[in-house]
Every structure is written in C-alpha cells, then in structure tokens.
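Engineer: Sequence:
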Amino acid sequence: MSTMKHIKALFILFLFLATPLFSQEEPDTSGISGDEEVYETGGDTTSWYEEDSTSVYVIESYVRQEEKNEIVIYFFASEPVKAWVVFDGNQKFTVSDTLGESFRFVTDIQSVKATSTILKAIIYVENASGEKSSCEEFEIKLPFEPEIEGTALGYLADCTLGGISFLVPSPGFTLFRDQNRFSFFKELPLVVFQSEISTYPWMAFSAEYAHTPDIDFRNRFFAGLKFPVEVPVINYIAPGLSYSTNFLGVNGLSPEISFGLIEVFRVINLNIKARYNWYPSAGNNDNFDINIGLTSYFLTLAF
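Numbers given in the numbering used here equal positions in the sequence shown, counted from 1, plus 1391.
Keep in mind that the hints are not guaranteed to be accurate.
To be verified - When the alpha-carbon atoms are kept at most 35 Å apart in a straight line, the in silico DSBU-like pairs for lysine-lysine are as follows: (1) K1511 x K1523; (2) K1577 x K1483; (3) K1532 x K1473; (4) K1459 x K1523; (5) K1504 x K1473; (6) K1504 x K1483; (7) K1473 x K1459; (8) K1511 x K1459; (9) K1483 x K1473; (10) K1523 x K1483; (11) K1511 x K1483; (12) K1473 x K1523; (13) K1577 x K1473; (14) K1473 x K1511; (15) K1483 x K1532; (16) K1577 x K1532; (17) K1532 x K1511; (18) K1459 x K1504; (19) K1577 x K1459; (20) K1504 x K1523; (21) K1459 x K1483.
To be verified - Ranges between beta-carbon positions, derived for each pair: (22) P1671 x Y1600: 44 to 54 Å; (23) I1625 x D1605: 26 to 36 Å; (24) L1490 x I1653: 27 to 37 Å; (25) A1665 x W1593: 20 to 30 Å.
Hints are computed from structural coordinates only; laboratory data are not their basis. Yeah, the Cβ is synthetic: ideal placement off N, Cα and C, and Gly gets one too.
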C-alpha cells in the first residue's frame, strides 16, 4: 500500500512539474502581469513526514507583487487531505477544510505578522482517517522589511494588560447544599505548553483560589490541568481537572470546563467556567461553581 502511495505521489509530481501552471518559470498566470517581479523560495522544499504517513510536497512558494502583495504556495499530498499552513510557528491559516490532493494557497501579505524578511512556514494535513502529517519547515523570502509591531511600548502594554487579568478576581456563584452562595475566584495560569497549530496552548497548568464567605470551608485552593481547543463562533473550549483542598482535611477532585467567549485585548480572554467539586471523604460538602472572568496565558512559563 505504501509503495502504491509513493508511485501515485511521484506521478502527480511529474504532472505538476510538466504543467506551466506550476512551473518555476511561469507561476500562476490567472492574475499576474507578464512583467511583475516574483520572489521565490530557493532550495528543495519537498519532504516526507514518515514512512507510512501522508506525503506532503511543496512545489512552489513566493510573494506575488501586484496591486497588493500576496503570498502564494502550491503543494499537493499523496492522498486526499484537509490542509492548513502555519507561519512562524503561531499564525494558522486554513487552506482547505474539505478533502483534496492538490492545493493553491493565496493570502494578502498584510494578514501575516512577519518579524523578518524570511517567513518560515509548515504545512499540516489530515487525511480521511484523522491521521495528521506535515512537511518540513520551509522559507518564503519577503521583498521588503516588515513593519514590526512588537515595540518596547507594545510589549509594556501587553505586560500591563496581562497583569490586570492576574489581579482582577472573577465573581461567581457556588451551589452548596441547594443554596446559591456568592463567591470570588482567582485563577493564575503558571505553565503552558504551546501548540504548533493554535494561538492557544494545548495544555496549561493553573493554580486557583476560591473564597465563599457563607460556607464552612470558605477558603479553597485548586491546582490542575486544562486543555484549550479552538472552536468556531467562540474562541476556545477548555476541559480540565484539578485537585482541590482547604488544607484542613477537605480534599477532592474538580472536573471543569471553560468557554473562551471573546478576546478583550490581544492577550486577555473573557471566559465562563463551570466546575463540580467532589469531596469523597468530607460528607455532603460537594458543590458546584460557576464564574465569569478574565484569563491570560501571556505572563506564564511557556514550553
């Protein structure tokens, strides 16, 4: 089966190279004037991900200069796949959410936040069975110096906004013994593990303090993991699990789910969190929390 995939991929590659549409000498002519300047990536960008995985071939990548500058990438896969491209490790663009084998990706260069004249890119694909593959990282040369937004003042603003989200408590309610109690919550993400295909980390370790004035164990502490997943309409959904204690003998587990609703600023998200607190050794002290607040993964230790 693997041999047939390789033969098929080589045959498709031959067709691409034999067609002027994909020629290095004549890139896409559907909207290009004959005398325009085209910047192309040098070197061999064809790569294999694994012996038995989908093969991804980058045929051509360059910046096309017309009325507006556009990044153009031609590539194909050895079987029908969905595809997306990630620039500089953190800027994700969907190429196709339907299965296909050959792709032409075009985007306005202004939609990509470049920090140098070399733009690094990786193409990720997913086949019909849900198996994911990628090509090796390749580079696209930009024809000009980008305007870098990350000035000292910009970083100071990000740190200030991130600090605000760390200081502002989250109001909410605790359902305890069939009664609603007003509570304050403060969650601090401490360590995050960055995702290559998302602006949010794939896993985050957080510590949290909750204060409910009108119950026996009014001070509670939590430590646990959550797993943000980008979804349509809202920003993300993050299921999680925490260890809970009041350091006075009430200990338990707390499954939770958070919904990242909107991005308030570049580094802050408004979210709603619901959590069930299970204390198996503390009688009928189980309770349910819900709160709304601000979350930021900016001022954290990132891996």
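Engineer: So, for every hint listed, does it hold in this structure?
Structural biologist: For each hint, the structure was consulted:
no.: 1; hint: K1511 x K1523; verdict: holds, 20 Å
no.: 2; hint: K1577 x K1483; verdict: holds, 31 Å
no.: 3; hint: K1532 x K1473; verdict: holds, 26 Å
no.: 4; hint: K1459 x K1523; verdict: holds, 33 Å
no.: 5; hint: K1504 x K1473; verdict: holds, 24 Å
no.: 6; hint: K1504 x K1483; verdict: holds, 11 Å
no.: 7; hint: K1473 x K1459; verdict: holds, 27 Å
no.: 8; hint: K1511 x K1459; verdict: holds, 21 Å
no.: 9; hint: K1483 x K1473; verdict: holds, 14 Å
no.: 10; hint: K1523 x K1483; verdict: holds, 15 Å
no.: 11; hint: K1511 x K1483; verdict: holds, 12 Å
no.: 12; hint: K1473 x K1523; verdict: holds, 9 Å
no.: 13; hint: K1577 x K1473; verdict: violated, 40 Å
no.: 14; hint: K1473 x K1511; verdict: holds, 21 Å
no.: 15; hint: K1483 x K1532; verdict: holds, 18 Å
no.: 16; hint: K1577 x K1532; verdict: violated, 45 Å
no.: 17; hint: K1532 x K1511; verdict: holds, 9 Å
no.: 18; hint: K1459 x K1504; verdict: holds, 16 Å
no.: 19; hint: K1577 x K1459; verdict: violated, 46 Å
no.: 20; hint: K1504 x K1523; verdict: holds, 26 Å
no.: 21; hint: K1459 x K1483; verdict: holds, 21 Å
no.: 22; hint: P1671 x Y1600: 44 to 54 Å; verdict: violated, 22 Å
no.: 23; hint: I1625 x D1605: 26 to 36 Å; verdict: holds, 32 Å
no.: 24; hint: L1490 x I1653: 27 to 37 Å; verdict: holds, 32 Å
no.: 25; hint: A1665 x W1593: 20 to 30 Å; verdict: holds, 21 Å
Hints 13, 16, 19, 22, counting from the list given before, are not met by this structure.
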